[in-house]
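Trainee: Sequence:
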Amino acid sequence: MAETHKSRVAALTQEDGNEVCADCGMANPEWASVSFGVFLCQRCAGVHRGIQSRVKSLVYDNWDDDSIQIMQAVGNKRAKEKYEVCVPVYYKRPNSESVDVMRKEWIEAKYERLEFTDPDKQEAYNCQIKTGMLWKLGRDRKQSALRKFVLNRATNKLVYYVNEDNGKPKAEADLDFVNAVFVPEKIGKIYALQITYFRSGSTRNLYVYSDESKDIVDWFTAIRAAKWERRRIAFPDRDLTQLAEDLTKDFLMEGWLYKMGPKSEPFRKRWFTLDRRKMMYLEEPLNAFAKGEVFIGHRDAGYSVSMGQAQEGDRGSNSQNTNCCFGFTLHTPERDFVMRADTQDDMEKWILALQKVVELPLTTQDSKLAALLVPKKASNSFRLIKR
Numbered sequence: 001m002a003e004t005h006k007s008r009v010a011a012l013t014q015e016d017g018n019e020v021c022a023d024c025g026m027a028n029p030e031w032a033s034v035s036f037g038v039f040l041c042q043r044c045a046g047v048h049r050g051i052q053s054r055v056k057s058l059v060y061d062n063w064d065d066d067s068i069q070i071m072q073a074v075g076n077k078r079a080k081e082k083y084e085v086c087v088p089v090y091y092k093r094p095n096s097e098s099v100d101v102m103r104k105e106w107i108e109a110k111y112e113r114l115e116f117t118d119p120d121k122q123e124a125y126n127c128q129i130k131t132g133m134l135w136k137l138g139r140d141r142k143q144s145a146l147r148k149f150v151l152n153r154a155t156n157k158l159v160y161y162v163n164e165d166n167g168k169p170k171a172e173a174d175l176d177f178v179n180a181v182f183v184p185e186k187i188g189k190i191y192a193l194q195i196t197y198f199r200s201g202s203t204r205n206l207y208v209y210s211d212e213s214k215d216i217v218d219w220f221t222a223i224r225a226a227k228w229e230r231r232r233i234a235f236p237d238r239d240l241t242q243l244a245e246d247l248t249k250d251f252l253m254e255g256w257l258y259k260m261g262p263k264s265e266p267f268r269k270r271w272f273t274l275d276r277r278k279m280m281y282l283e284e285p286l287n288a289f290a291k292g293e294v295f296i297g298h299r300d301a302g303y304s305v306s307m308g309q310a311q312e313g314d315r316g317s318n319s320q321n322t323n324c325c326f327g328f329t330l331h332t333p334e335r336d337f338v339m340r341a342d343t344q345d346d347m348e349k350w351i352l353a354l355q356k357v358v359e360l361p362l363t364t365q366d367s368k369l370a371a372l373l374v375p376k377k378a379s380n381s382f383r384l385i386k387r
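In the UniProt record's numbering, the protein residues as written are 1 to 387.
Treat the hints as calculated values from the structure; they're not laboratory data.
Among the hints, a few may not be true.
What the hints assert, rightly or not - With a Cα cut of at most 25 Å, we get these calculated BS3-like pairs of lysine-lysine: (1) Lys-121 <-> Lys-80; (2) Lys-80 <-> Lys-56; (3) Lys-269 <-> Lys-349; (4) Lys-186 <-> Lys-148; (5) Lys-148 <-> Lys-170; (6) Lys-349 <-> Lys-142; (7) Lys-186 <-> Lys-121; (8) Lys-92 <-> Lys-170; (9) Lys-121 <-> Lys-77.
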């Protein structure tokens, strides 16, 4: 009888919608929530246990007729019709690769708070002005302090204050050029964001985190909501879903590389971040500003990437820390950027990521980015920032 029950449950996963996890879309779910009648992957099943959802393994647990009937009556498609009827187009749904905090808040919002059944339950991020406190890493990256943050749709600004009662903000960011990325491992806090924006032609990095998972996801979503609303007003004829496609973007690549200076100077170890068409390198991963930034244009404009170095051989006393076998070069109209990775796998990943960027057509936003990054007196694709 037990095997018959398991066979019946397994057959349900072949029905339309049940072949993927109901919450992150991962294929071949092996778990289920009997409480909500949905099929789940292992990671989402773990979150469901935290909300007192009755979770069962499709493989190892015993099933009874009542549980099977619930799964038959509901299933992923009917559950979505109930719990996801009002998901905003700007809300970033988790996928199988998403960080844990996104998965956690999506599931709790969906099933516990019923956030996506009524737009009035989304005021924490769908609001004209959002105000709150976040922990912000100091410039020394050793200490954190609570700071007051304010997001204002009318002014299209995100600002923060050192003193909560101080009328003058410490810094303000134009939301059109704000990006927000979850970086728990980099900061060492599970509810953490890296917020980037432009200041005086250079990228400024803010590293913030919250004590509660809901707070940081609400801020992340509020940024996306404000940017989407501005686009919706500016482009009333555009598809609403299309307007939400690149509100925020995860970094394409991050990691340590060795970079040669512009005049065949010694290789120096730097932390590289590939943020769409912008490649930054920093002395340390949590620096407020990059040492340098490179705008990466389209291949038709003279941008490309190749394996190997423009000039081989050891240079400088620190060359023993690099491996000449894992070199690659980013070619721009103005100069070549010679880099080395520690392993062949890292080198291949960087080359592939850069190749994808140079193949992408430029957007209007890309052109604005280039204008912000490139010095006004020249058309260089590279900007050296000394601090």
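Trainee: Now look at each hint and say whether the structure bears it out.
Mentor: Hint by hint, here is what the structure shows:
1. Lys-121 <-> Lys-80: Holds. Lys-121 to Lys-80 sits at ~17 Å (cutoff 25 Å).
2. Lys-80 <-> Lys-56: holds, 20 Å
3. Lys-269 <-> Lys-349: holds, 18 Å
4. Lys-186 <-> Lys-148: holds, 23 Å
5. Lys-148 <-> Lys-170: Between Lys-148 and Lys-170 the Cα gap is close to 10 Å, so the pair holds against 25 Å.
6. Lys-349 <-> Lys-142: violated, 31 Å
7. Lys-186 <-> Lys-121: Roughly 32 Å separates the two Cα atoms, so the pair is violated.
8. Lys-92 <-> Lys-170: violated, 29 Å
9. Lys-121 <-> Lys-77: holds, 23 Å
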